[in-house]
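One line per chain: the protein sequences are A and B, in this order.
Per our numbering, residue 1173 is the first one in the first sequence, and the count goes up by one each step.
Per our numbering, residue 59 is the first one in the second sequence, and the count goes up by one each step.
No lab work stands behind these hints: they were computed from the structure.
Just so you know, these numbers come straight off a predicted model, no measurement behind them.
Mixed in with the good hints there might be a few duds.
Mimicking EDC-like on lysine to aspartate or glutamate, the simulated pairs with C-alpha atoms at most 20 Å apart in a straight line are [stated by the list, open to error]:
1) B/K858 with B/D847
2) A/K1199 with A/E1210
3) B/K713 with B/E84
4) B/K591 with B/D577
5) A/K1199 with B/E81
6) A/K1199 with B/E87
7) A/K1199 with B/D88
8) A/K1199 with B/E789
9) B/K359 with B/D180
10) B/K385 with B/D734
11) A/K1254 with A/D1227
12) B/K725 with B/D847
13) B/K713 with B/E331
14) A/K1199 with A/D1189
15) A/K1199 with B/D733
Residue strings, one per chain:
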Amino acid sequence: MQPLTPLSYHILLALADEDRHGYAILKEVVRQSQRTIEPGTGALYTSILRLVDEDLIEVATRRIGAGDDPRRRYYRLTPAGKRALQHETARLADLLMVAKKKNVKPRLAPLGAEGRL
Amino acid sequence: MHTIYRWLLRTLPQRLREGYGQEMQEIFEDRVRDHPRPSLLYMREIASLLAALLRAPRESPFRGLGADLRAGFRALGRSPRFALTAGLMLAIGIGGSTAMFSMLDQWILRPLPFPAPDRLMDLTSIDTVRGFESLVSAGDFAEWQTDASIERLAGWNLTQFNLSSADAEPERVPAARVTGDFFRVLGVAPAIGRDFLPEEDAPGAPHSVIITDELWRTRFFGDPQIIGRTISLDDEPATIAGVLPPHFQFTLAGRAQMFEPWSLTLRERADHEKHFLVVIARRRAGVAFERARETLAATAKSLEARFPASNTHMGVRVVSLADEVGKHQGNQVVWVIFGLTIFVLLIVCSNVANLVLARSVERQKEVAVRFALGASRGRVIRQILIENVVLFLAAAGASVIVAIAIAKWISEAVPVDVRPWLRDYAQIHVSYEALAFAAALALLTGVLFGVAPALEGSRADVNQSLKEGSGRGSTGRGGRWMGNILVAGELALALALLVAGGLLITSLKKLWLVEPGFDPQGVLPSGIVLSPKRYPDPAKATRAEEAIVDRLRAVPGVTAAALSQHTPFGNSMTVVQFWIEGRPDPVPGEVPGTNVTSMTPGYLAAMRIPLLAGRDITERDDASSPKVVLVNELFARRQFPGESPIGKHIRLDSKSAEPAEIIGLVKNTKLNGLDDRPQRQAYVPLRQRPARAVHLVIRAADPLKLAPAMRASIHEVDSGIAVAPAKLLSEEISDTYTPHLITTQMVSAFSLLALAIAATGLYAVMAWSVSQRTRELGIRVALGAARSDVYRMVLGRAGKLVAVGIVAGLVFGAAMSRLLTMVLYDVSPYDPAIFSAVTIVLVLVALAASYLPARRASRLDPLVALRHE
Chain A
1173 MQPLTPLSYH ILLALADEDR HGYAILKEVV RQSQRTIEPG TGALYTSILR
1223 LVDEDLIEVA TRRIGAGDDP RRRYYRLTPA GKRALQHETA RLADLLMVAK
1273 KKNVKPRLAP LGAEGRL
Chain B
59 MHTIYRWLLR TLPQRLREGY GQEMQEIFED RVRDHPRPSL LYMREIASLL
109 AALLRAPRES PFRGLGADLR AGFRALGRSP RFALTAGLML AIGIGGSTAM
159 FSMLDQWILR PLPFPAPDRL MDLTSIDTVR GFESLVSAGD FAEWQTDASI
209 ERLAGWNLTQ FNLSSADAEP ERVPAARVTG DFFRVLGVAP AIGRDFLPEE
259 DAPGAPHSVI ITDELWRTRF FGDPQIIGRT ISLDDEPATI AGVLPPHFQF
309 TLAGRAQMFE PWSLTLRERA DHEKHFLVVI ARRRAGVAFE RARETLAATA
359 KSLEARFPAS NTHMGVRVVS LADEVGKHQG NQVVWVIFGL TIFVLLIVCS
409 NVANLVLARS VERQKEVAVR FALGASRGRV IRQILIENVV LFLAAAGASV
459 IVAIAIAKWI SEAVPVDVRP WLRDYAQIHV SYEALAFAAA LALLTGVLFG
509 VAPALEGSRA DVNQSLKEGS GRGSTGRGGR WMGNILVAGE LALALALLVA
559 GGLLITSLKK LWLVEPGFDP QGVLPSGIVL SPKRYPDPAK ATRAEEAIVD
609 RLRAVPGVTA AALSQHTPFG NSMTVVQFWI EGRPDPVPGE VPGTNVTSMT
659 PGYLAAMRIP LLAGRDITER DDASSPKVVL VNELFARRQF PGESPIGKHI
709 RLDSKSAEPA EIIGLVKNTK LNGLDDRPQR QAYVPLRQRP ARAVHLVIRA
759 ADPLKLAPAM RASIHEVDSG IAVAPAKLLS EEISDTYTPH LITTQMVSAF
809 SLLALAIAAT GLYAVMAWSV SQRTRELGIR VALGAARSDV YRMVLGRAGK
859 LVAVGIVAGL VFGAAMSRLL TMVLYDVSPY DPAIFSAVTI VLVLVALAAS
909 YLPARRASRL DPLVALRHE
């Protein structure tokens, strides 16, 4: 299986806990990447289109929560999407193990060090 | 903007557009709504769309794009001279715009580097009647803290410390005193160590400081064990509590390297008289800016009612911190320069459009063949358009080099001492956003300025064109008309730029000729501080200061040495209120203020500040003798109009102070900038008004050479006094007009470039029209037209273009120069001399540009001309 692009991975990850509409996906991606990824709308939809084509996500047919916006289209993971997410997560975890074995220490940026929080 | 986005969405591949276009538009609008500074978002979103477009799978509207692109490159390769000229011009135009956009983006568009920067504000006291701004009293500050809109408030101001530690020579370090919440207002936490504790800004608490990353690396060699280390600040022990993150920069505090908690005593917190705080604030989340302005205004109103003696007419001016930062770094100038670069780009583009137009005429035969082979008009237009876009994109690639070079030039032109006051230390990086901007600009201009020539070029009549042997068809009226408009437009823009350049140069020249009121050549000032710890007795400090001056006088090469509490361009001042003896007390809020400085005898002579009347101070004016004061011309004119101030008495500082006799009148001196308006100034003897933070000045033929001797003299008196690095007074002054200088140089360079481009544009159009009319001119000459008639015909045509350009350019220039008002010194933005001078320059250049084609036309041999196709 091909490694996913970071943005695709983040989109799948954003849909892992609940179905979301486009803007919610975008905000979740920004949040969970701690602002390291802030895709433009064009980039987001190029990825969504590809993920739909590859049958990893699909448009959710039924609504779940009461707080949902009925005008928006919600996306959800397909079974294949869930598998892809698991594969990719495993791949990243393996990579982390290799890094740990080679004694590569993560360097945490101090709060505010990046200037833009 | 939303419409532009919708329009751009339409260019997306069909599947993306139809499947998701509506959603994308909605999200774009949501993001704009949620983003604090949407302008940056616009750029990013458009870049993202372009990227989506380029990455799109091949589909119907883009089929054959690759082939067209290849054809475009081939076509450009076939006419290398055209490609090179046009490409080079475009590279300069786009590169300049990109560099300026980088500057704009980095300094202005980007939010301040603090969390939730839109909630940060700058608060200042303001005289609601006269409009004067002033620092904030600790009393007002304490009251503002309770305002409902304010989450946190912090006061601060600049200072300097003698930093000494066991292992190194003492050093003068620029610093800031800040109230305890300062870093919490900004939302910044130290990278190492901790923020100030609440008890640390209580009076009498042990000193602690937070230092910048730079000071930590340079002075303490990045010592990881720095936290808790004790250093000595002005001979008081202080503990290092934290080190700020490397990217921390608070431009308003400029060079400040250390931050010390400022403990305001209860007495100070109840005092509304003394104004000494600069105040920043963080608004509560969810409170709109306007709302905060209202509540603070109400708070100020209630203070006016409660403290009429001090707070009458005292309001509060609320601006966003970003605006305050922008005001200090001259954002308006950046906008103006950015606007002017766009002008240059427009000129370049219209010139290239003209070249494309001329070329499309030559290519009519090729186009006709395409039509004959069954190409649709749309396809032909697209082909021509793509050629343009290829040209513009190639130029955009080359423009990156131009942009980097310009950005580097600007970064380096800013003096080192000025850099800390500018965002990112004035280092301009050509960012990805800026590159996206360049690409977007190239695409946009390529399409915009390519459409008209493409439409024109695709209007070939197959039969007509193919029949003509030479391939040189006659142009449609439309083509000529468009070329004329483009050239007139270029001339107009060039004239507007010349006006701007002329105004700025005149302004800078006037600034250079300003009499500062003293002679800065050969003067080396040097600030020192005698700490209260070491010199508890002010008289003892004065004696030590005088001892230093005496030693300096004895240094070989020093022609004069003296000391003053404040020197012009020394970045410090004291302003006090004063009362005139024998006059009724002014009402509260109307008590006048004056700059005041203590000095030793000989200071006026050392600075060459002319004494206009009365006498200078002498050694006999000491603590035991009656108080004396010298005032400047403005003081005398304002307070004693029409009479001599000599012999009058004033009380400085407070109504109950001992009155001082005015013994002398001196010339006004510039204090902070050559464009300063004169201010009241008073000079008093150091012995009568001791000061611990003072400036030594020496005058010598080559004073920098004497800097080590100066340092040695100071250390002979006290080895614990830190001496700041030597910098000539003349250099301090030139630093203040550097922004002027950079602006002027850039705008002048742009305007000359614009003139040159417009002139070549005019030449090209005239040369082309002459070549088009060869046969006609030949007939006229054959029928007996004189050479002068031909000249008149050709030049007359050029004259019409130039006239239209000049009228439009003058109107345009006048509209634009209004924007320059704030950077101009002593020059009216409508100065008729400058307007007429640049018009003459433009006319002469235009004449030269059209003379060559006219001469060629006049020398036509009718026989040759008539054979001409």
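Hints versus structure:
{"no.": "1", "hint": "B/K858 with B/D847", "result": "16 Å, holds"}
{"no.": "2", "hint": "A/K1199 with A/E1210", "result": "9 Å, holds"}
{"no.": "3", "hint": "B/K713 with B/E84", "result": "66 Å, violated"}
{"no.": "4", "hint": "B/K591 with B/D577", "result": "36 Å, violated"}
{"no.": "5", "hint": "A/K1199 with B/E81", "result": "15 Å, holds"}
{"no.": "6", "hint": "A/K1199 with B/E87", "result": "14 Å, holds"}
{"no.": "7", "hint": "A/K1199 with B/D88", "result": "11 Å, holds"}
{"no.": "8", "hint": "A/K1199 with B/E789", "result": "51 Å, violated"}
{"no.": "9", "hint": "B/K359 with B/D180", "result": "19 Å, holds"}
{"no.": "10", "hint": "B/K385 with B/D734", "result": "16 Å, holds"}
{"no.": "11", "hint": "A/K1254 with A/D1227", "result": "11 Å, holds"}
{"no.": "12", "hint": "B/K725 with B/D847", "result": "65 Å, violated"}
{"no.": "13", "hint": "B/K713 with B/E331", "result": "13 Å, holds"}
{"no.": "14", "hint": "A/K1199 with A/D1189", "result": "14 Å, holds"}
{"no.": "15", "hint": "A/K1199 with B/D733", "result": "49 Å, violated"}
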